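K.L.:
The chain contents come next:
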Amino acid sequence: MNGKERILKTLRHEPVDRPAWVPFAGVHAGSLIGKNATEMLSDGQNLFDGLMQVHKLYQPDGMPVVFDLQVEAEILGCELHWAEFGPPSVKTHPLADTQDMLCDCLQPAADKGRLPMILDVMKKVKAAVGADTALYGLICGPFTLASHLRGNELFMDLILEEDYVQELMTYTTQTALKMIDLYADAGMDVIAVVDPLVSQISPDHFTTACHTAFKTIFDYVRAKGLASSFFVCGNATRQLEVMCETAPDSISIDENVDMASAKAITDRYNIAIGGNIPLTTLMLHGTQQENMKYVVNMLDTLSHDNLIIAPGCDMPYHVPAMNAIGAAQAVRETGVTREMVKNYEAPKLDIEVTLPDYASLKKPLVEVFTLDSATCAACTYMMEAMNVAGDHYGEKIDLVEYKFTEKVNIARCIKMGVTNLPCVYVNGQLKWSSIIPSREELFGYIDSLLG
Amino acid sequence: MTTIYLITGFLGAGKTTFLKERLLHAPVRTGVLVNDFGKVNFDGLQIKRQGMDLIELSNGSIFCSCLKDNFIEGLVELVERSLDEVYIESSGLADPSDMGKVLDSVRLRLTCGDFTFGGAICLVDALFFPKVLPKMVSVERQLRHSHLVVINKCDLVGEDQLAQVEQTISALNPQAKILRTTYGQVAWDRLGLNVFAIADEETTNRIETRNKNLVLQLVYEPDEAVFRDFLSAIGSHFFRVKGLVRLGGQIQKVDQVNQQIQIEPYHLENGDDPPAALQEIGRLVCLTSQGLESISHLARMADQYLPGHFKLEM
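So the sequences go chain by chain: U and D.
Mapping of the first sequence onto this note's numbering: position 40 corresponds to residue 31, and the numbering continues sequentially without gaps.
Mapping of the second sequence onto this note's numbering: position 141 corresponds to residue 131, and the numbering continues sequentially without gaps.
Be careful, since some hints might not be right.
[What the hints assert, rightly or not] Covered by chain D, according to a simulated footprint, are these stretches of chain U (three or more residues, beta-carbon under 8 Å):
no., region
1, 84 to 96
2, 166 to 173
3, 214 to 225
4, 324 to 332
Calculated directly from the structure, the hints in this document are not laboratory data.
The structure presented is a predicted model; accordingly, all values stated were derived computationally and were not measured.
Cβ coordinates follow ideal geometry from the N, Cα and C atoms, glycine included.
Required output: the full structure, derived from the provided sequences and hints.
P.N.:
Put into structure tokens, the structure is as follows:
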């Protein structure tokens, strides 16, 4: 059984010889060929070379071609902020100040934005490794795309402007369908709908605002003879049930969700599940043996049907290649790896962190814990919401972001007892965890603290 | 001097049949501007005849801002060719409430030639009219902005319904002349069109109210009975389904309005180039205004009735 067969059988819920392995190497692929994130995501040759290196080193059963949720947004008029070690983020939102709808004429086509380069690389990768490796075409989910277009106002619209949200979701769903047409023609086997922001709204809001959109997308993918996956990141535990109701072939989660409990839910719907090797604590900062041990433990504790082993989301740029190689080895040669690491003890994190004296603060302290607001869309919008408060209140409050990508902040998270990202603590108390507050709610709370 | 006529009417009311009938007797130097909702302009295919000036505007309404500029440019181009008559066949969902403004813009942009407006003719499907009128604001607008209303398919309904249809139309537009017919046939020379003034309104054709259409391309020839079952299964979700499909080894024209399905052999007119659609097994354009549920429904039904036989595209 080759890798592609293994993936496609898993997504059809058929028995396989072992769980499939899909390393989500987006910008990280650049680190393997000495190119930064911008060079990777804007140059076809670099992208192709990086992907070939991923294929060689990590021996994947399936692999994404481009992991960048801003491709559609860029075409639809969002300005991007390019980063050296992460995918670009959205800088401006064309619908931030208007409820007018965008013209259909702006919708993606093969000659727009970076699509000529991406479609070309997809075809080349297909020709090079597509016979035995399942290729994932990643598209931006309709809710995250709606927030790219509208900005943080979308979270207020969810409460006050349901009809408008429907109209916007219809538009972004059509964008998704057009991307599926294009990626299907370029030879993609699996369409992954990546919607990190879904974890930041309630299941009720998901059902009213998002269900039809995702159901339509997955029905459409199935009708085109392709397989589908629903990627979410952040603490999507509460949303898993309603996500399953949209009937994707698989769901992919990150370390914020407990894999065993999640699998119990997806198994009830006969949906495959993928994930959730921790991105920063393990893949970025851990040792090779820790990565191997973690994956072996996953394989020993989870049932192997409907299972894909993968990083929780797009791997950070600086993940040491040996860590991903270790994870690959654990999936491919589980027995041997189990023996290799059975007596291994992970080194303890030896960093001292001093927390603020919360009882004696002179003004409200807003602490935002993120994976990295520059690279994780859910974190971007959480941070953006807090920055609005920062701009509004100025010197009256203190605002600080702690990125989980830095070891010292991991130590801080442990000391604070932070369990899910992104989240916001105010004066040392957890206030918002994986729910982005509307501006009214946020300002109301800060006003109450200021008296 | 070119005379411009506007032909409106809801999907399936018989605009193309009416126009084809008219073109058989029209002057030699005639131009047609056809506006079809789909990406593939099937109406254009049917009307095209050798040497005729034909402009096709597809994938939206000519009264919507997304196509209006092309519409005006197209009319300017036809008038500047000094044709005798120009017919505009609008899409079934067109709201022509600002036709006056469109004509003013054409006049402003003309560098040569001149025109007069011959009037707006609205086709009505006698059978479906009572069902369609309450649902579609564009149908009411088409009637209110007409000089002549042709009630078509009169053979499909009784006198009571016809009288009711006439009464409803008169209430909406007391000045318009009303004719009854079948197969779109009217004695053009005796129309006596009175082009009375109709005040413009803002059109309801906007980008955000634009209808969705999907293209279903067949890659294998389906079994006709199964294909008919498929059409029945999607009928309730789509205003209109039309296209060319190879069935029983022969190219057939498929035309569906609500649950009424018409499948008949497609014949090329003498001298026509075979359209690209004939090289394929088939291509259907499906139009809906019911949003995402319809797309989802079409995907599921196609997968159920025609598995592996089709490609679906937005």
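K.L.:
None of the hints should be skipped; say for each whether it holds.
P.N.:
How the hints compare with the structure:
1. 84 to 96: holds (count 6)
2. 166 to 173: holds (count 3)
3. 214 to 225: holds (count 3)
4. 324 to 332: Coverage by chain D is violated for the region 324 to 332 of chain U (0 residues, Cβ < 8 Å).
Violated hints amount to a single one, hint 4; each of the other numbered hints is respected by the structure.
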